[in-house]
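Novice: These are the residues of each chain, in order.
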Amino acid sequence: MIGKVLANVLRFMLLVLVQALVLDHLDLANGWLVPYLYVLFLLMLPFDLPDWAQLVVGFFAGMVMDLFSSTPGMHTSACVLMAFLRIWMLRLLRPRDGYDHTRSPTIADMGIAWWTTFAAVLVFVHHLWLFFVEIYRFDELGATLLRASLSAVFTLALCMLVQTLFTRVSRSR
Amino acid sequence: MRDLFRFLFRIRISLLFLLLMGISLGLLVNGNEHQKAQAISSSNAVVGQIYAWRSGLVEYAGLREENLRLAKEIADLRDRDARSRITVADSVREVRDTVMHQQYRFITARVINSTVSKARNYLTLDKGSLAGLHADMGIVGANGIVGVIREVSPHFALAISVLSNDLPTSVQLRNTKHFGLLRWDTMDPATASMSDVAKHVPVQIGDTVVTRGSDKIFPIGIMVGVVSNVENDPGSNYHTITVKLSEDLTQSGYVHVVENMLKLEQDTLQAKAPPEE
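In order, the protein sequence lines correspond to chains A and B.
In this text, residue positions in the first sequence follow the numbering used here: the first is 1, and each later residue adds one.
In this text, residue positions in the second sequence follow the numbering used here: the first is 1001, and each later residue adds one.
For the record, the hints were derived by calculation from the structure and aren't laboratory data.
There may be inaccurate statements among the hints.
Stated by the list, open to error - Calculated pairs, EDC-like style, for lysine to aspartate or glutamate (alpha carbon to alpha carbon, straight line, at most 16 Å):
#  : chain 1 : residue 1 : chain 2 : residue 2
1  : B       : K1216     : B       : D1267
2  : B       : K1118     : A       : D48
3  : B       : K1216     : B       : E1259
4  : B       : K1244     : B       : D1207
5  : A       : K4        : A       : D48
6  : B       : K1118     : A       : E134
7  : B       : K1118     : B       : D1166
8  : B       : K1216     : B       : D1136
9  : B       : K1244     : A       : E140
10 : B       : K1118     : A       : D24
11 : B       : K1263     : B       : D1215
12 : B       : K1118     : B       : D1185
The structure displayed is predicted, hence computed values, not measured ones.
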């Protein structure tokens, strides 16, 4: 239990630092590809985390990102929305015999099909919200939509890469 | 009553979601106000320190270019130095300068964090109120304008970059003195657009764009960029001008913060103008 909490706190700190110190400074394809890898932290929260805790963790994770990028409310709202949807996605994708709490929502543990469905929806909604809030208007609808979609795909690819490099199959039972 | 509580308990997750969403939307909407942004901005101590460490590391990679730029700037200053000039008129001996009061003071600072790929870009400087920085001071680089300070903490300052759509800077064409507003709606960190220049004004590609000085933030005539494209939109009375920015905002290094020492005096005088009805 303590190990699980510690692992998540460490993962959060690492991802936020990588996001703020490296990824936020990339200027890829003229701003068309803006990866927000830190969402991997929210994706990888343990299965047995209560619903209310998911929302609260999302809120504070977004707040820390906002501190780093001087954008009050932007990441916070996107993360709260994502955390709320995560609760529903987990319910929707629940295996017949429920989740095995010794496993975690990763590709290695849950398989590529399950994970991609789970992550793609959440990352896409998170990015869409973030990019529209960032630009604060609807008049460049097409461009913002494209920017969010391209960036979401890029973020997903990065998440997969990081997972294949750094996570192992959880020892079950 | 019990049913009501049971109902509320059943939708508690949605209620918590609405509460947290409400708080974050509140931050989002009020976040642009001075006070609230101050509490949550990268000029706060912990985040500022982390960014300072980062730029301390990254800085080494750009030392060669930085030196080159400084050397160029020194050469430029030497050109203007009194010692590199000769006296032409011997009869003028005494120079008691009562005409040229110093209006602008420049404070050197280092950019420790900046972005160029967001819709609104910010920079963090390594100096704050203790070094005499305050909000609404302009920032100029070696080649042109960079941004304007929004918030300061004792040791850091948060500035909004020229690469931001809500920072219209008042600029003018150096040749014809026609003025307009510089806006960043190109989404390209190398260019911006200049609006409000009427069709009758002759604008050519290659014309120099400088600051107008009317905003009391930048002195008159600071380099902004060169006109790189003029489009003739038949439906508009104004030119659509694209300006190639002379300062490379994708590089960060040392900048100068401009203090207008006569701003208060000018504000006081302008406040005496009768208000518009």
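Novice: Each hint needs a verdict: does it hold in this structure or not?
Specialist: Results for each hint:
1. Restraint check for B/K1216 and B/D1267: satisfied, since their Cα atoms lie roughly 9 Å apart, inside the 16 Å limit.
2. Between the alpha carbons of B/K1118 and A/D48 the distance comes to roughly 36 Å, so the proposed pair goes past 16 Å and is violated.
3. At most 16 Å may separate the alpha-carbon atoms for a hinted pair to count; B/K1216 and B/E1259 meet this at roughly 9 Å.
4. Note on B/K1244 and B/D1207: the hinted pairing holds, with a Cα-Cα distance of about 10 Å set against a maximum of 16 Å.
5. Restraint check for A/K4 and A/D48: the C-alpha separation of about 11 Å stays at or below 16 Å, so the hint holds.
6. In summary, the hint linking B/K1118 to A/E134 is supported, as the alpha carbons are separated by about 8 Å, within the 16 Å threshold.
7. Taking the CA atoms of B/K1118 and B/D1166, the gap is about 13 Å. The hint holds against a cut of 16 Å.
8. A hinted pair counts as satisfied when its Cα atoms are at most 16 Å apart, and B/K1216 with B/D1136 qualifies at roughly 9 Å.
9. Our distance criterion of 16 Å between C-alpha atoms is broken by B/K1244 and A/E140, whose separation comes to about 23 Å.
10. Between B/K1118 and A/D24 the CA atoms are separated by roughly 9 Å; this keeps the pair inside 16 Å, and the hint holds.
11. Taking the CA atoms of B/K1263 and B/D1215, the gap is about 10 Å. The hint holds against a cut of 16 Å.
12. The suggested pairing of B/K1118 with B/D1185 holds, with an alpha-carbon distance near 12 Å, which does not exceed 16 Å.
Hint compliance for this structure: hints 2, 9 are not met, and every other hint is.
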